[in-house]
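Chains as they are written, first to last, in numbering that gives the first Met the number 0: chain A, 0 to 249; chain B, 0 to 317.
Because the hints were derived from the structure by calculation, they are not lab data.
Keep in mind it's a predicted model, so treat the numbers as computed, not measured.
Heads up, some of the hints might be wrong.
Each computed EDC-like pair below joins lysine to aspartate or glutamate, with the alpha-carbon atoms no more than 20 Å apart [as the list claims (entries may be wrong)]: (1) K305(B) x E182(A); (2) K8(B) x E151(A); (3) K305(B) x E151(A); (4) K287(B) x E33(A); (5) K308(B) x E33(A); (6) K205(A) x E130(A); (7) K296(B) x E182(A); (8) K296(B) x D147(A).
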Amino acid sequence: MNQTLLNYILQIADNSLILGSRISEWCGHGPVLEQDIALTNIALDLIGQARSLFQYAAEVEGQGRTEDDLAYLRIAREYRNVLLVEQPNGHFGTTIARQFLFDAYHYPFYKALMNSKDETLAAIAEKSLKEVTYHLRFSSEWMIRLGDGTDESHEKVQNALYDLWPYTSELFVPSETDNSALEMGIGVDLSEVKNFWNEKVDEILKIATLEKPQDGWMQSGGKQGKHSEHLGFILAEMQYLQRTYPGQEW
Amino acid sequence: MVDITSLEKKFQERIDSEIKIEPKDWMPDAYRKTLIRQISQHAHSEIVGMLPEGNWITRAPSLRRKVALLAKIQDEAGHGLYLYSACETLGVEREDLIDQLHSGKAKYSSIFNYPSTTWADIGAIGWLVDGAAIMNQVMLCRTSYGPYSRAMVRICKEESFHQRQGYEILLTLSRGSEEQKAMLQDAVNRWWWPSLMMFGPNDKDSTHSAQSMKWKIKRKSNDELRQQFVDITVGQAKVLGITLPDPDLKWNEERGHYDFGEIDWEEFWNVVKGNGPCNRERMAARKKAAAEGQWVKDAAIAYAEKQRKRKTETSRVA
Ligand SMILES: [Fe+2]
Ligand SMILES: [Fe+2]
């Protein structure tokens, strides 16, 4: 079994799963119907991506585990998502800022992953890129609307940006898995992803009349399985039925 | 001078010859009012109906189920949108309709005031609640008002998919462990009677029915639809290996229908009046979403306005 490949797939899958779960909390509670539907679309895309990736991870592992075993039956310490995606939804502006900061990473990430030597990963990346292109457009447009909307919306999204900023640099700090995957030709060079991210963030914040926060102390640990307190609660809800009634079909 | 009686006569003739009424056509005030009340109530039901199911999105037991549930609830949001649009063709604004919901002036289907407490409820809601809704909605595909009828045709296709999806959840439980079977039976016990209540009061007690039938807004009575639902559902319950919680439920050879017990009308009217287990929670959730969404709406409007001004300024310079 290719351990690097497996870890790499899980790292990508966990980001989509956890962000998808967060976004899905909006369903039924969106600010207006149209945005409720749009957010649910994003959740559906992300969880769909996670499913493809977990299915592939299960195949690579070859131990007879399923997508759900991987999504539902690991402990928090085994999840490899970045801290940014597990941060709470907050208000709509927080959700949009988190989404934008992640989409601006997700888009160039998948674009680069299309060149992976691993054909399945490349194919998943190609399919996901179409979805993420739309996510980035959606979150960019809302960053602009909120930033350049009313004084209240400007202040709200600006503060969200300050709050989330310390979670952004982790996206680009390669984990051991990132480095090995890059060496093997299956992974993505995060420094290139970072260039795109910087340009995109500068471009959109400028149009949105928002200030780019200063790089201060940055949080990290997600990729090593050292999470914030939030992940435990996400998993507690998600895993509730699987843990209460082990081994059942649903 | 236009003679109202002759307009009304022509209107009824169109309806009798199955010609759809369209937004620009003349229609009696009461017809318009009845439609606004009914379509908006229907739209509100789609939206409030997202809440009991939304309750289980984060706890769905597999990724496949999670995706299906999200997509289902998203469909309901879409139904709400189509219906609000259909209602707007009658000269009312969505915003005003939603205000009426929040002030308690407008009603929504009482079924959504019951709690969804186990995963089996998600199956039971799909099977019974969407199932009962379909009976009503299939009839409404032929309703006399064009935009309403067309919205219903789109909605019905998705509803039958929801029902199959719900039934499939229950079928899986019925083949599972003893705990899962108990969960299934318990959910059906709780959702059966409220589902029968979805068809509304008995015909003899239904205030709006006769006129609505004459205008072909409704085409079958509450009791007819309820009977149709019971007849279809009993067989499906057998396949699930469950019992329906009604000792009076039995086949009546003479009528060619199932007989069933009396609905607890006191409970029905109490839930309508706001005393159901979740009326407060449902309204609170909708009001909270609207209140917290206000600044977002304001921002979008302010931004659009700035854009419009910028455009006129650039065109003036050019
Ligand atoms: Fe619906
Ligand atoms: Fe439905």
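Hint numbers the structure violates, sorted upward?
The structure breaks hints 1, 2, 5, 6 and 7; every other hint is satisfied.
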